[in-house]
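Residue numbers (our numbering), protein chains in the order written: chain A, 2 to 450; chain B, 2 to 450.
Hints may contain errors.
Given that identical chains are not distinguished, each listed pair holds provided it fits within a single copy or across any two copies.
[Claimed, not checked] Mimicking DSS-like on lysine-lysine, the simulated pairs with C-alpha atoms at most 30 Å apart in a straight line are:
(1) 287 to 222
(2) 344 to 41
(3) 168 to 336
(4) 15 to 200
(5) 344 to 70
(6) 268 to 222
(7) 58 to 71
(8) 95 to 206
(9) 336 to 58
(10) 95 to 200
(11) 128 to 15
(12) 336 to 41
(13) 15 to 162
(14) 41 to 269
(15) 168 to 371
(16) 162 to 206
(17) 222 to 206
(18) 336 to 15
(19) 95 to 287
Source of the hints: derived by calculation from the structure; they are not laboratory data.
Computed from a predicted structure; not experimentally measured.
Protein chains: 2
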Amino acid sequence: MLGYIDENYETYVKKLQELARQPSVSAQNLGLQEAAQLVKKMLEETGFHVQLVSLSKGPPVVYGTVQSKKNPNRTIVIYNHYDVQPPEPVELWKHPPFSATIEDGKIYARGVTDNKANIASRIMIVKAFLETHGDVPCNIKWAIEGEEEIGSVHFPEFVRKYRDELKGQAGIWEFGGLDIGDIPMVTLGLKGMLYVEFKVQTATKDVHSARAAIVPNPAWKLVKLLDTIVDDNGRIAVEGWYDDVRELTRQDLEAIREMPLDEEDIKKDLGIKHFLRGLSGYELKKAYLGNPTANIAGLWSGYTGPGHKTVLPAVAEAKMDFRLVPDQDPAKLAKNLRDHANKHGFSDVELKLQAENPAARTPVDSEIAKISARTAREVFQKEPAIIIYSPASGPMHYWTSVLGIPTVSIGVNHAHGSQHAPNENQRIDVFVQGSKWVARVIEEFARAR
Amino acid sequence: MLGYIDENYETYVKKLQELARQPSVSAQNLGLQEAAQLVKKMLEETGFHVQLVSLSKGPPVVYGTVQSKKNPNRTIVIYNHYDVQPPEPVELWKHPPFSATIEDGKIYARGVTDNKANIASRIMIVKAFLETHGDVPCNIKWAIEGEEEIGSVHFPEFVRKYRDELKGQAGIWEFGGLDIGDIPMVTLGLKGMLYVEFKVQTATKDVHSARAAIVPNPAWKLVKLLDTIVDDNGRIAVEGWYDDVRELTRQDLEAIREMPLDEEDIKKDLGIKHFLRGLSGYELKKAYLGNPTANIAGLWSGYTGPGHKTVLPAVAEAKMDFRLVPDQDPAKLAKNLRDHANKHGFSDVELKLQAENPAARTPVDSEIAKISARTAREVFQKEPAIIIYSPASGPMHYWTSVLGIPTVSIGVNHAHGSQHAPNENQRIDVFVQGSKWVARVIEEFARAR
Numbered sequence: 002m003l004g005y006i007d008e009n010y011e012t013y014v015k016k017l018q019e020l021a022r023q024p025s026v027s028a029q030n031l032g033l034q035e036a037a038q039l040v041k042k043m044l045e046e047t048g049f050h051v052q053l054v055s056l057s058k059g060p061p062v063v064y065g066t067v068q069s070k071k072n073p074n075r076t077i078v079i080y081n082h083y084d085v086q087p088p089e090p091v092e093l094w095k096h097p098p099f100s101a102t103i104e105d106g107k108i109y110a111r112g113v114t115d116n117k118a119n120i121a122s123r124i125m126i127v128k129a130f131l132e133t134h135g136d137v138p139c140n141i142k143w144a145i146e147g148e149e150e151i152g153s154v155h156f157p158e159f160v161r162k163y164r165d166e167l168k169g170q171a172g173i174w175e176f177g178g179l180d181i182g183d184i185p186m187v188t189l190g191l192k193g194m195l196y197v198e199f200k201v202q203t204a205t206k207d208v209h210s211a212r213a214a215i216v217p218n219p220a221w222k223l224v225k226l227l228d229t230i231v232d233d234n235g236r237i238a239v240e241g242w243y244d245d246v247r248e249l250t251r252q253d254l255e256a257i258r259e260m261p262l263d264e265e266d267i268k269k270d271l272g273i274k275h276f277l278r279g280l281s282g283y284e285l286k287k288a289y290l291g292n293p294t295a296n297i298a299g300l301w302s303g304y305t306g307p308g309h310k311t312v313l314p315a316v317a318e319a320k321m322d323f324r325l326v327p328d329q330d331p332a333k334l335a336k337n338l339r340d341h342a343n344k345h346g347f348s349d350v351e352l353k354l355q356a357e358n359p360a361a362r363t364p365v366d367s368e369i370a371k372i373s374a375r376t377a378r379e380v381f382q383k384e385p386a387i388i389i390y391s392p393a394s395g396p397m398h399y400w401t402s403v404l405g406i407p408t409v410s411i412g413v414n415h416a417h418g419s420q421h422a423p424n425e426n427q428r429i430d431v432f433v434q435g436s437k438w439v440a441r442v443i444e445e446f447a448r449a450r
Numbered sequence: 002m003l004g005y006i007d008e009n010y011e012t013y014v015k016k017l018q019e020l021a022r023q024p025s026v027s028a029q030n031l032g033l034q035e036a037a038q039l040v041k042k043m044l045e046e047t048g049f050h051v052q053l054v055s056l057s058k059g060p061p062v063v064y065g066t067v068q069s070k071k072n073p074n075r076t077i078v079i080y081n082h083y084d085v086q087p088p089e090p091v092e093l094w095k096h097p098p099f100s101a102t103i104e105d106g107k108i109y110a111r112g113v114t115d116n117k118a119n120i121a122s123r124i125m126i127v128k129a130f131l132e133t134h135g136d137v138p139c140n141i142k143w144a145i146e147g148e149e150e151i152g153s154v155h156f157p158e159f160v161r162k163y164r165d166e167l168k169g170q171a172g173i174w175e176f177g178g179l180d181i182g183d184i185p186m187v188t189l190g191l192k193g194m195l196y197v198e199f200k201v202q203t204a205t206k207d208v209h210s211a212r213a214a215i216v217p218n219p220a221w222k223l224v225k226l227l228d229t230i231v232d233d234n235g236r237i238a239v240e241g242w243y244d245d246v247r248e249l250t251r252q253d254l255e256a257i258r259e260m261p262l263d264e265e266d267i268k269k270d271l272g273i274k275h276f277l278r279g280l281s282g283y284e285l286k287k288a289y290l291g292n293p294t295a296n297i298a299g300l301w302s303g304y305t306g307p308g309h310k311t312v313l314p315a316v317a318e319a320k321m322d323f324r325l326v327p328d329q330d331p332a333k334l335a336k337n338l339r340d341h342a343n344k345h346g347f348s349d350v351e352l353k354l355q356a357e358n359p360a361a362r363t364p365v366d367s368e369i370a371k372i373s374a375r376t377a378r379e380v381f382q383k384e385p386a387i388i389i390y391s392p393a394s395g396p397m398h399y400w401t402s403v404l405g406i407p408t409v410s411i412g413v414n415h416a417h418g419s420q421h422a423p424n425e426n427q428r429i430d431v432f433v434q435g436s437k438w439v440a441r442v443i444e445e446f447a448r449a450r
């Protein structure tokens, strides 16, 4: 079965290029139907029974299943997404973001590693089982949604609708692979997210800035509001923000301590001199995994072109994403944030909720976690890092909490893939090795009793 | 002579349209040479002797002169600019910004009222004198620069070069005309300006916002810096900012008290409910004319497109314009601002000076001020407003301070011209009446001894 991957991976690199060349930007409603059709076609060609599940709004969920003939009582439930982040700023890409150009053993494209490579990889794995053994080692159920990058807005509908169908003993989440130093990572959870947009509008049109002495400026109001949200030490100053934070257990802290993190490599990659507040070592790792965050993802007002324009803007806006840890409740925190703004005199500022997801966790001693670690040692011949939860977000809690499926996030990604940034890329060697790993996880899971 | 204007103004409306259709955006280095050539051609056709004065950088100054045969000992020195503000945001215009479309007696175009209408008006006035009397009533010297909207960066060179040439007994500045309620305004000064750009760069590339717990965010730094610059009452908190502010005299305060200001009209025009800090009446007018300002003209960081993107930006920037009153020194204040940033822990924030101009003033009892008021009563049959200094900015201090020429700012603008904003427009009736006024000012000035 692993031999099939070695002999045929180039076919699947081509399939990945085909997928990556199909733009599917959920934030811009670009190419989603086309991408769903393409994924459906690829799954059907592989041997899946496929449905396109329409929801009340938004692109469909591609849902594919393959039944095992010899082992129909074990089921693994897989999650991926076919949508990608916006490619902007396009001028910083060295290849056009939907060209899927190969250079130095890497494929460059928006969405190629997040998360189309994992889709292509899992197609290859299932085909490898079917071609080698004429069967899959267990039942495979696979949901691939098209709104992950905008907060999985309608995915809950799918889960409600397919709740009885989505039964299984373990789950594999969308991403994973190698950390800096090519160390395999077994990720057991995701941070949650609250994504909001602030809008301050003080007039119906922009004004000559000569009037700045008497006409309110929305940019000042936005700046003053934002500055109340995080204190000078980076701690979130919204009342009650940390109330429900689940304390890290001794086991969690031990996993964090053992987790490798190449600080110099990250600094070099990002061109930064220091981490936030000069953090390093264990404290840095603890903050990285354990801390809720308040991030300004976008900020704009007035004239942002070249040269100088003396304008007093009518509107100022900001986008913020808050990463959440167990057991923070995004709906409750959204309310706290609104109350905070009101309390500080910003009740006239519009606060629009864009996305929310609670955090998700799978126990370190679950069967699927142990199998993932064991097979990682086998495939990569390295001790894997156990990541108690990834600092990334996603709707994993639907698997772990709503469906009650212990779920690991493993896959074919590598540390310098530039997810969500210009020049996103997928290493082809990791595509091959990571696929072998995931294949072995499925095989071992199928055998376990 | 006024009859010539009544009979021929349509010819000059066409000339104004031709001028307005030539883009000349100094902030974007767009069409400036072409605009200079067009203005030169129009002045030559009128009867001026014209030079294009090249400076070390930037577009040329158009310098035109007409000698008076009968009255060669009196000279009026005029200033205008042929450059315009950027047209953005273009989507808010009801006609394309360089179409110069006429609708309901108004010409719509970027720069049409600021300040191309005054150029066309003064061409018409000089032609009216020459056609009616075969002479101008006094010598006319006219400098028209191409960088006013970006802070007249190279205009000082011109003034230095032409200092001996630029002699005269009075000056007419670029703009002026009717206030709300069609009240003529005699403006005797301009606020100064300090225009700066802040740039915070914390990394060499944007990062997935999952790293927000450990990677510094430049938008937070920028927000925190900006929030130190102005306090919650809108007062500028930079040390020494108000030290050199010249106190308003009793005469100044009297002029402010007499100045009409239709608060409801401004509120309706801008769609605002209240002025800053709930100001109204005399206090509002005093703030408008007398207060130094700190305006955020532009602000940007990260992802500003539709939907949501979870990015931690590498760069955050802001543009700010500070309006200055006599006797604030922009160079000194730029240093204070830098020191302020350093003192508050922002020494790593880049502060780029984009433009600076001190404020300018001409005495209320100067000859040209009195003539302007008297002829305004005659032409408009209304009591004019004496504006001690306009809240707008420009290099007027080169006339009033460097050359020592008492200067009024009068012209053909109207109150709802939307300068620096979408749908900028010029009322054709005010173009005609304002031209008659400026013509009468020149005539009366030429006669005075």
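Against the structure, the hints:
1. Taking identical chains as interchangeable, the C-alpha atoms of residue 287 and residue 222 lie at most 30 Å apart only when they sit on different chains, with a minimum of 23 Å there against 34 Å within one chain.
2. In this assembly of identical chains, the alpha carbons of residue 344 and residue 41 never lie at most 30 Å apart, being 50 Å within a copy and 60 Å across copies at closest.
3. Neither within a single protomer nor between protomers do residue 168 and residue 336 lie at most 30 Å apart by alpha-carbon distance, with minima of 34 Å and 67 Å respectively.
4. Proximity of residue 15 and residue 200 under a CA criterion of 30 Å is satisfied in neither setting, with 44 Å inside one chain copy and 42 Å between copies.
5. When the C-alpha separation of residue 344 and residue 70 is checked against a cutoff of 30 Å, the pair qualifies neither within a copy, at 62 Å, nor between copies, at 73 Å.
6. Proximity of residue 268 to residue 222 under the C-alpha cut-off of 30 Å is restricted to the inter-copy arrangement: shortest distance 19 Å between copies versus 34 Å within a copy.
7. Taking CA atoms no more than 30 Å apart as the test, residue 58 paired with residue 71 passes in neither setting, with 39 Å inside one copy and 81 Å between copies.
8. Taking CA atoms no more than 30 Å apart as the test, residue 95 paired with residue 206 passes between copies only; the shortest distance there is 13 Å, against 38 Å inside one copy.
9. For a Cα distance limit of 30 Å, the shortest separation of residue 336 from residue 58 inside one copy, 25 Å, qualifies, whereas the shortest one across copies, 55 Å, does not.
10. Taking the shortest alpha-carbon separations for residue 95 and residue 200, only the inter-copy value of 25 Å comes in at or below 30 Å, while the best intra-copy value is 34 Å.
11. In this homomeric assembly, residue 128 and residue 15 come within 30 Å of each other (Cα to Cα) only inside a single copy, at 15 Å, whereas the closest approach across copies is 74 Å.
12. In the homo-oligomer, the alpha carbons of residue 336 and residue 41 never lie at most 30 Å apart, since the shortest distance is 39 Å inside one protomer and 63 Å across protomers.
13. In this assembly of identical chains, the alpha carbons of residue 15 and residue 162 never lie at most 30 Å apart, being 34 Å within a copy and 68 Å across copies at closest.
14. For the identical chains of this complex, residue 41 and residue 269 are neighbours neither inside a copy (40 Å) nor across copies (55 Å), given an alpha-carbon limit of 30 Å.
15. In this assembly of identical chains, residue 168 and residue 371 lie within 30 Å of each other by CA distance solely inside one copy; the values are 21 Å within and 90 Å between copies.
16. In this assembly of identical chains, residue 162 and residue 206 lie within 30 Å of each other by CA distance neither inside one copy nor across copies; the values are 46 Å within and 41 Å between.
17. For a Cα distance limit of 30 Å, the shortest separation of residue 222 from residue 206 qualifies both inside one copy, at 16 Å, and across copies, at 28 Å.
18. With identical chains, the CA atoms of residue 336 and residue 15 are never at most 30 Å apart, being 47 Å at best within one copy and 59 Å at best between copies.
19. For a Cα distance limit of 30 Å, the shortest separation of residue 95 from residue 287 qualifies neither inside one copy, at 35 Å, nor across copies, at 55 Å.
The structure shown violates the earlier hints numbered 2, 3, 4, 5, 7, 12, 13, 14, 16, 18, 19.
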